[in-house]
Amino acid sequence: MTHAMTNNVSVRQLHPELIPLEPDDFQWAVQRSDLVLGERCQWQTYLNGLALMGFTTWLQERSPNTWVQSDACSLWQPETAAVVAAVYNLQIGEFSLCLLAMEQAWDEQVKVPRAVLDLPEFAAHFYVAIEVQEDQEQVVIQGIARYDQLDAQRRSHPLTAHADWSYSLPLDWFDPEPNHLLLYLRVLNPAAISLPLITSTPSSNLPALEPDTLPQLFTTLKTSDCDLWRYLSWEQGKAMLLNPELLQLYHQWRQSPTTETSPALRLMELFTLTLHQAVQLGRWLQGELDQVAERLGMFFPPIATVAPMLSIDRFEAAIAELRHQGMEIPPQPSRAYHDLDWQEVPLRLCIVTWQDTRQDTSPDAQLPWSVLFILGMQTQQTLPDGLKLRVSNAIGALHEPIAEFDDPFLFARVQGQQGDIFVVTICHVNCPPLTLPPYQLALA
Amino acid sequence: MVLLSRYWEILKLDPADDGIGYRSQVLVLAWEFFQEHFPACDPPERDPNQAPFPHHRTQTSLYTWFRAESALNLQQAAIAGLCLRCYVSHAILGACHKLGRLFATSQVTYRDLLSLVLEDDGKAQIVLDQDGKTQLMLDAEGNAQPTHFPLFAVEILRTFDPNRSPETQASLTSWVYRHVKQNTKLKQFFAEQGVCLFSDWALLNKVSDRQLDELSAHDRTLITAFHQVYRRDRRRGRSQQTGKCPDPTPAQLQEMCHHLQQSGIRLSKSALLHELHGLAASLRHLDQWMSRGAPLAEPIDSVDPHTGQVREFPSPTADHDVSMLEQQDIQDFCHHQLQRCLGQAIAQGLADHVATVRSRPRYAKFADRITQGLWMIYGQGKSQGEIAPSLGMTNQVQVSRVLDLRKLVNIVRSHTVDHLFQVLLDKATGLDLAQLATVPDYAKNLQTAVEEFADTEIFQAADAEIMTAKHRLFRSLYAQQLRQFIHDHEEVRRP
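Note that the protein sequences, when read in sequence, are chains A and B. Anchor point for the first sequence: position 243 equals 243 in this note's numbering, and the numbering is continuous, going up by one each time. Anchor point for the second sequence: position 480 equals 480 in this note's numbering, and the numbering is continuous, going up by one each time.
So here's chain B without its partners, still in its complex pose (with noise of 0.2 Å):
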């Protein structure tokens, strides 16, 4: 479900350190223009059981007044530009969560790329010239002014022709995702930003074999002989060694040299110690390793040679909505029951949680601390390491291995959103339920705008605030009901 208020309400970065890194901004140009041209479109006003918004029409109606040739209509084109340019805002985000996921291993997060690539605050008013190849500010007059400062938001939608891919709406939004990864200054970010949660070891032990395959023929024959030791010796040598790739030994250096010489390669250890450091240096890059070849690589206005078409990978999550009747009907249902479902869901999760705890060797004698320990942050706002004497733990990484707040959220959220979806089964009335076992997506749609609404209304800034919490203010409804559930069973704070 895509909302409307992505044409009118334009996300704008907010780097305040206890935020989410954005916030979003109602335009009223953007919005009265829209209201204007797409009566129709307000929810209340339209038929429950219409199909779908049709976001590619719209897009295009959009996107052929913000082309409109006749200097005329510039004020025109501007305004219906802004609505476009509130659409890429959002997928903006999307694309910069989406890298930020990918990455999440090496410490990049997508605030991170946020402040490389959201820079449309919407006040400017921006038009393009005839030929549509450059940027143009309207001034108070209303007068079309060379700009010195293109916008990445409008350079998207300039090379953007939503006539060539008749797709649905997600051809404008990995389109955007294509840009954002194409972008100067984010891909400047990767180069210099790399890898640094690896090794060099861990590194070269993950060089696949496309990866292998663009290499020189030296450089891939030395991984090929460092993998032939080091990984056959991490494997085997995995009872009695911790996670962290070591420095490799002098005996494997000898055996790697050895290997190398059987393919015409003479190096020294000390040689072949110092190529390895080199080949995983330039592995460090994060843009070494995103995706080039076949199918997604291909230049930004890459043709299919069959079809004529713009080669589109469009989000399988992205058609078969639900229609607006369900959607009704899940909002409603969803309203009514969230509080009971959380409060279920809390106590169901923290139980799993310390049940899961309780499982792992490592970690199981610190089970009967968890609500302990999440009383302490959630309730008396203290830092992870702060409380690692009083729960008897070490340092910070291991509180924060037991107390696992993300995973701990991940529980509750899974547990919500199945109350919310039996509820829903049990008492809605628009459904078809018939279809649910027989068909995949109907099943997927439902769960998703369960699942929709549950991280707007709980989710989203449950996560934030774990996420951002420099200041330890847990304010989000998930935090108030753990804290009035650890509260109500009093036993369980003290150890």
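So that you can see chain A by itself, here it is in the shape it has in the complex (with noise of 0.2 Å):
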């Protein structure tokens, strides 16, 4: 045994990797910044570029047969870039990476979006814990971890997350020899770091939002700088960045802040569908209003117990009156009143829901289930001309009758199975629209 060897240390516990960064590093990642909005996440994204920069700078020299294919990862999405602070979605081979960029490593904390660790759409099989010094114009790799060891640190160690949807992980928790990842990615089967399962069960735990939440939400996000979390909690976030089209289309309304244009009403819309908790129509089957559909002042229309023919109320008779066309519609359907003050004109939505009767005998087949809505007034009058319902899902509008020449009432159907979605907007060309909160299809 040498004298030496009590000393034990490893090189690299004295000199980190040190990589310098070139000004192509540097307008690249100028480049990819400008494209999201507010300075902070635009600096952050810039730090983030400098890190992928640098990463593939090292990794081209250390391993030059080892490709990154970065055209998928996140930092090529303002969208995205945006709403997560880390490169993620990095892919090499068949193991995926995810970048962490910081400024300085002095508090031996590594900041991480909860996203790429605790949704599995967002996990990684390894992370790298990137410094970047903006100034000296290089950037220090600190360390790298396997999820499997992130995961079995936080198991014995749990975290907190912060309030703004972030860990600190402590920086020891990462192995400061880079050279361990190209030796995993040489040597390990990508199976022997389990990642954890991608399930598409939808979030349960959103809030019951007060019926103007969303609505100020909306205003308050045109100027906000990617702090989302101050406006929303992590299940609505969680939601919202499970879902592309909501976030791509959250970026091009911040581009352009309207309220009038449609591509704002399609993402007030997915607002809505993904981030207010649904009135669950499953619930009226069985002749009870859920919470929801209470605290948002919905009732059953009251029994008619004497002369029958007085009280019969007007969307009964179109009820009637559409069985009469040939809708299909069984005797006695559930059915609720929502009564809504729209600018100041008094609008009455009925929705009528029952699951259709079984066409396709094969018992796999779910039971296809409808909803009525039909838009009228709580009291004889007409509803105004080019007052419009609209009705959507996630995919996009399925109906949008206008209303015309003294028309009392709008009625659109949908079909869909169980656990569907539908949102609702009453439109006027002079006026903002109304999105109210979504119906779910669900038997408890």
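Please keep in mind that the hints were generated in silico from the structure rather than gathered at the bench. Positions of the beta carbon are idealized from the N, C-alpha and C atoms, including for glycine. It is possible that some hints are incorrect.
[What the hints assert, rightly or not] Here are the simulated lysine to any residue pairs, SDA-like style, with alpha carbons at most 20 Å apart:
| hint | chain 1 | residue 1 | chain 2 | residue 2 |
| --- | --- | --- | --- | --- |
| 1 | B | Lys206 | A | Lys388 |
| 2 | A | Lys388 | A | Pro368 |
| 3 | B | Lys244 | A | Arg186 |
| 4 | B | Lys244 | A | Glu103 |
| 5 | B | Lys365 | A | Pro20 |
| 6 | B | Lys206 | A | Arg186 |
| 7 | B | Lys206 | A | Glu39 |
| 8 | B | Lys244 | A | Pro20 |
| 9 | B | Lys427 | A | Arg186 |
| 10 | B | Lys206 | A | Leu18 |
| 11 | B | Lys206 | A | Asp227 |
| 12 | B | Lys206 | B | Gly237 |
| 13 | A | Lys111 | B | Lys244 |
| 14 | A | Lys388 | A | Pro432 |
| 15 | B | Lys382 | B | Arg401 |
| 16 | B | Lys206 | B | Gln252 |
| 17 | B | Lys133 | B | Ala144 |
| 18 | A | Lys111 | B | Glu214 |
| 19 | B | Lys244 | A | Asp24 |
[To be verified] Simulated restraints on C-beta separations:
| hint | chain 1 | residue 1 | chain 2 | residue 2 | range |
| --- | --- | --- | --- | --- | --- |
| 20 | B | Arg358 | A | Asn65 | 13 to 23 Å |
| 21 | B | Gly243 | A | Thr66 | 52 to 62 Å |
| 22 | B | Ser239 | A | Phe95 | 28 to 38 Å |
| 23 | A | Thr66 | B | Asp426 | 14 to 24 Å |
[As the list claims (entries may be wrong)] Residues from chain A that keep clear of chain B, each with C-beta distances beyond 12 Å, as calculated:
| hint | residue |
| --- | --- |
| 24 | Gln27 |
| 25 | Gln44 |
| 26 | Leu50 |
| 27 | Asp71 |
| 28 | Leu119 |
| 29 | Gln138 |
| 30 | Tyr184 |
| 31 | Pro190 |
| 32 | Leu232 |
| 33 | Glu316 |
| 34 | Gln332 |
| 35 | Glu344 |
| 36 | Pro368 |
| 37 | Val429 |
| 38 | Leu443 |
Build the complex from these two chains, which are given one at a time in their own frames, with help from the hints.
See below:
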């Protein structure tokens, strides 16, 4: 045993890997960051871009045959670059990597967005902590960690998430020897690091919002600077991050924020579908209103007891008329009313729901479910001309009938399966649209 | 792998400026004690298939002797303590390396830190008093006397309780690390030393969200306004300007004032400049940047509310040791292959290095001078400043950027380790290669064992002589082989 053996110090512990940045790297990072909005977001994206450039340079030098596939990574998509402060979806062969850029490592903490650890869709085989010394024009690879290591560490030392949807991981959880990453890439079978499975279960913990919360949020978000966490709960944030169309629309809308245009309308619909707890129509079939419906002041119409011909309400007549026109509506469908004071016009939305009789006899086929929306007035008047009843789902608008020539009603019928969600918006050219909380078809 | 000699070799400060800052010394008393009480621990006598050495149990035993209450056992307590002090001295070095690395960019080296915290030379025999509060020194007659200068290493042991943290040997190591970070002298040093490498503006740029939260509302608004304008312009103007952060322009200050005014803060440009300088000055103290808040900065004896255990953050590299048999295999094979692998690695590393420099627009034209420059330094003992003109460069900074001695060591090290690893896979019989692709820790630990070997045999020395080469004496195995290589390829020596 030699004398020096006792010191047992890795040279790597003394000197981290330094990678100089070139003018091209800066130019690229500036370009990427120009596409996101807000100074703080831009600066973080800029650092992320520099981290990616430095990391790629290092990998090319150390392992020239390794191909980094970065075109699918988050930096190429400004809508995701802006909301998750990390470079994720970086691919090397079958391995996925996530780069965590930081400006200094003095506090021995690595800030990690919750998404890249908590959401299977964003998880990576390897996490690389990269210090970007912007003014020194170099990056330092501070450490690497495998998903299984971080997962085991956080199981024995539970982490508390910060309010801004991030964790601080001790730098100690990262291996200071970046060559080990090269080793893993060379010898490991990707299955050796098991990543969490992606399940398609939608989040069920969304809050029931006050009726005007979303419009207010809409106004606030126009001016916010990558701090969605200030206005949304993590459950909502999660739902938003997992909805690419919503992220993209959100990004587009922030570039030209208006409330009247159709992208804004679509964004509001998606916000509602994604962030708002839904009215559970399944409960209605059992003759009771769910909590969301109650909070919104929905009500079952009073059962006619005396002189049925006199008390029959207009909506019941409308349903009878639709049945007469050939719509297959069962004799006693569940139905509730939602009274809306829209621009001082007393509207009433009648929501009728039922399970359709089975056409297909195969036992696996799910029973289709119908929802019929009938928009009318609380009074005997007709609807304002040009009023539009728009019904949409996560994919797009399904129906948008427009009132004309003294129409007393507008109606739209949608069909769906267990779990489907629909959203209703009332629009008129002269006023901002009113999006109502979503309706979900689900049996308890 | 933690070597057992850590229990009887103490690391002492060695200020000689061509050394590594410390040297080790075998303490005969500690060695005898350890052999007597842990006889089966001597590597040659251990069963090679045996599990890794039980450091935690050993430390617990040593600790129990050290804290023995009976006055009869004072001598034994002092020597058991000595074994632990040896171990602590190694952990202190580790802590200084770690901090030195973290603060490398602010020009703090581990040697600076070591001189503040490595103060135990293992000469005094020290025990604790009955209630474990005070250090006592044994005099020539073996009587315990009060001491006026409690040793830092013993203070660390005094507050340590191995029974409280059943984790592996990492726990004493991380206990030491936390104590080193909280050492008064070291904190003082960090407060005075400061982050000297960065300008005020670079520092203000680096302020993180977490730090912002800790500032007063006024300062937070100030820095946010600064970021809004200065960082935006810095990013946008990156193509025209160099790395250093220049003073903010009057127009930028004006815009910041405007932002501040919207937040209800009225400041003139000069008053704002003054306040920003003040903020930067306070950020200049390194301890402002060191960990605080969750989860690492809890008070030293904080206890996990759920488990009642002291919260530990063991290093992930501390567990999953490779078995003794594998370790022996690794050592044997590596010894035989070392010279050849190093030779190959130097040839490859040098070629890589030249290719890298050639690919960097700013320095490409100097790529062909690298070997010549290395010869002047490693072969002729010249300084980087001296050789700049003959390489066609203007100053020492350029020379050090192009030759980048440390980076070359890093590349050669990587290649050496790769070669050794490959040899190991090809020839070693005691390894379970099936695990390589499926058990990530197995692959990592094998490579770590090779790295440790290569570092110990070659690269620590190669690295130390770059760091301390005031006398420009390059005597390491690496330097010899590098010289040999350049000599053998004589055509590369001269332009």
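For each hint, the structure was consulted:
no.	hint	in the structure
1	Lys206/B with Lys388/A	violated, 52 Å
2	Lys388/A with Pro368/A	violated, 26 Å
3	Lys244/B with Arg186/A	violated, 38 Å
4	Lys244/B with Glu103/A	holds, 15 Å
5	Lys365/B with Pro20/A	holds, 17 Å
6	Lys206/B with Arg186/A	violated, 36 Å
7	Lys206/B with Glu39/A	holds, 14 Å
8	Lys244/B with Pro20/A	holds, 14 Å
9	Lys427/B with Arg186/A	holds, 19 Å
10	Lys206/B with Leu18/A	holds, 19 Å
11	Lys206/B with Asp227/A	holds, 19 Å
12	Lys206/B with Gly237/B	holds, 18 Å
13	Lys111/A with Lys244/B	violated, 25 Å
14	Lys388/A with Pro432/A	holds, 12 Å
15	Lys382/B with Arg401/B	holds, 17 Å
16	Lys206/B with Gln252/B	holds, 18 Å
17	Lys133/B with Ala144/B	holds, 14 Å
18	Lys111/A with Glu214/B	holds, 16 Å
19	Lys244/B with Asp24/A	holds, 17 Å
20	Arg358/B with Asn65/A: 13 to 23 Å	holds, 19 Å
21	Gly243/B with Thr66/A: 52 to 62 Å	violated, 29 Å
22	Ser239/B with Phe95/A: 28 to 38 Å	holds, 34 Å
23	Thr66/A with Asp426/B: 14 to 24 Å	holds, 22 Å
24	Gln27	violated, 6 Å
25	Gln44	violated, 10 Å
26	Leu50	violated, 10 Å
27	Asp71	holds, 22 Å
28	Leu119	holds, 21 Å
29	Gln138	violated, 9 Å
30	Tyr184	violated, 6 Å
31	Pro190	violated, 10 Å
32	Leu232	holds, 17 Å
33	Glu316	holds, 57 Å
34	Gln332	holds, 55 Å
35	Glu344	holds, 36 Å
36	Pro368	holds, 47 Å
37	Val429	holds, 35 Å
38	Leu443	holds, 39 Å
In the structure shown, a violation is registered for the earlier hints numbered 1, 2, 3, 6, 13, 21, 24, 25, 26, 29, 30 and 31, in ascending order.
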